[in-house]
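Protein chains in written order, with our numbering: chain A, 1 to 132; chain B, 1 to 132; chain C, 1 to 132.
Possibly wrong hints are sitting among the right ones.
Which copy is meant is left open, because identical chains are indistinguishable; a pair holds if it fits in one copy or across any two.
Derived pair list, reagent style SDA-like, types lysine to any residue, alpha-carbon separation capped at 25 Å [claimed, not checked]:
| id | residue 1 | residue 2 |
| --- | --- | --- |
| 1 | K28 | A78 |
| 2 | K28 | Q122 |
| 3 | K28 | I2 |
| 4 | K28 | L47 |
| 5 | K28 | S6 |
Think of the hints as simulated: they come from the structure by calculation, not from any bench.
The model shown is predicted, which means the values in this text are computed figures rather than measured ones.
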Amino acid sequence: MIERLSVTSDAREQLKDITDEVNSALRKMGAAGGICQVFVPHTTAGLVVNENADPAVCSDMLDWLEEAVPQGRPFGHAEGNSPAHIKATLVGQSATLPVERGRLALGTWQGVFLAEFDGPRQRTVVVNVVDG
Amino acid sequence: MIERLSVTSDAREQLKDITDEVNSALRKMGAAGGICQVFVPHTTAGLVVNENADPAVCSDMLDWLEEAVPQGRPFGHAEGNSPAHIKATLVGQSATLPVERGRLALGTWQGVFLAEFDGPRQRTVVVNVVDG
Amino acid sequence: MIERLSVTSDAREQLKDITDEVNSALRKMGAAGGICQVFVPHTTAGLVVNENADPAVCSDMLDWLEEAVPQGRPFGHAEGNSPAHIKATLVGQSATLPVERGRLALGTWQGVFLAEFDGPRQRTVVVNVVDG
Chain A
1 MIERLSVTSD
11 AREQLKDITD
21 EVNSALRKMG
31 AAGGICQVFV
41 PHTTAGLVVN
51 ENADPAVCSD
61 MLDWLEEAVP
71 QGRPFGHAEG
81 NSPAHIKATL
91 VGQSATLPVE
101 RGRLALGTWQ
111 GVFLAEFDGP
121 RQRTVVVNVV
131 DG
Chain B
1 MIERLSVTSD
11 AREQLKDITD
21 EVNSALRKMG
31 AAGGICQVFV
41 PHTTAGLVVN
51 ENADPAVCSD
61 MLDWLEEAVP
71 QGRPFGHAEG
81 NSPAHIKATL
91 VGQSATLPVE
101 RGRLALGTWQ
111 GVFLAEFDGP
121 RQRTVVVNVV
131 DG
Chain C
1 MIERLSVTSD
11 AREQLKDITD
21 EVNSALRKMG
31 AAGGICQVFV
41 PHTTAGLVVN
51 ENADPAVCSD
61 MLDWLEEAVP
71 QGRPFGHAEG
81 NSPAHIKATL
91 VGQSATLPVE
101 RGRLALGTWQ
111 GVFLAEFDGP
121 RQRTVVVNVV
131 DG
């Protein structure tokens, strides 16, 4: 069971909460339990599972990543977006999440975010479920 | 098939080996093979799969993370634990591990660790199996 | 359904493209759809999913990791390869990837790489599929 979400990012860098969209995809697929895989088929965007209560957690994370992998550092990749590739690998392209009673069984403070590092763009997110 | 482990961390930062607890959960669920998902439903703790032979590997990793994301750096998140959120995302909240003959099919030197970055606390670890 | 690939790395550090080998394993197992887990049962090697078009993306990533976790920094682990352990945890040991029509449903620019950080060596990569 695979659903593909279309997600539009709004800035060069952004953590965009897609928790509701993933839960909608689970409902559409009629998934009751099992493992939900969320996968980003891009090389300059990734997937983050972290706090969706205080937006400062997201901006702090983007700030730290920018400091750690600065846009101004010289790199070999001619397109100039090597920092975006590196950041995507650091946060990861896939997460697997438990499903219970048709929804993601996340912690109280957790949300699922598309991590955009080279936007704004239209991105695809793959939601894939296997039964438990 | 979902089991929830309760894991108590003993320090502000710690890599706590939970390999035996995950294997016990597999036995309890009667899992023979497939994919085991280990998921941490928290935003300031994560999951590490690395060497469980020499404890210096774990302390080196925590030391490096502290150097990379220092507690003293100013951040926007008012609770003051942004470094813990960032470290959790860097190591990740979920790992998927192969299961064979009812046990995790890990490498010789691998163990599964709860990565505590804002403890000590009682944490939950979700163990979720789908058959192969 | 589990297949084990044998992958020989050619240098101390290398991102070695194993996408074709993983697709061959899927064919051998007769997997049509579902979730493919790729797992590295080692503690100084990991798994990266990123661009396989311009090789500079890979060398930029290795360069950045070397700068972030320098080989010359003193560490407690007596074997001297703590940077390799840390890099492996930063990129991760496992990835889950969607399978459609018997192949990995990757993005246009994505490839799957064994990330060698303490080579050259012969490494094992576990490919594990559960049906969707």
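Now the hints, each set against the structure:
Taking the shortest Cα distances, K28 and A78 never come within 25 Å of each other, neither inside one copy (41 Å) nor across copies (38 Å). Within a single copy, K28 and Q122 get their C-alpha atoms as close as 22 Å, which meets the 25 Å cut-off; across copies the closest is 35 Å, which misses it. Taking the shortest Cα distances, K28 and I2 sit within 25 Å of each other both inside one copy (10 Å) and across copies (22 Å). Taking the shortest alpha-carbon separations for K28 and L47, only the intra-copy value of 22 Å comes in at or below 25 Å, while the best inter-copy value is 30 Å.
Taking identical chains as interchangeable, the C-alpha atoms of K28 and S6 lie at most 25 Å apart only when both belong to the same chain, with a minimum of 15 Å there against 33 Å between chains.
The structure fails to meet hint 1 from the earlier list, while all remaining hints are met.
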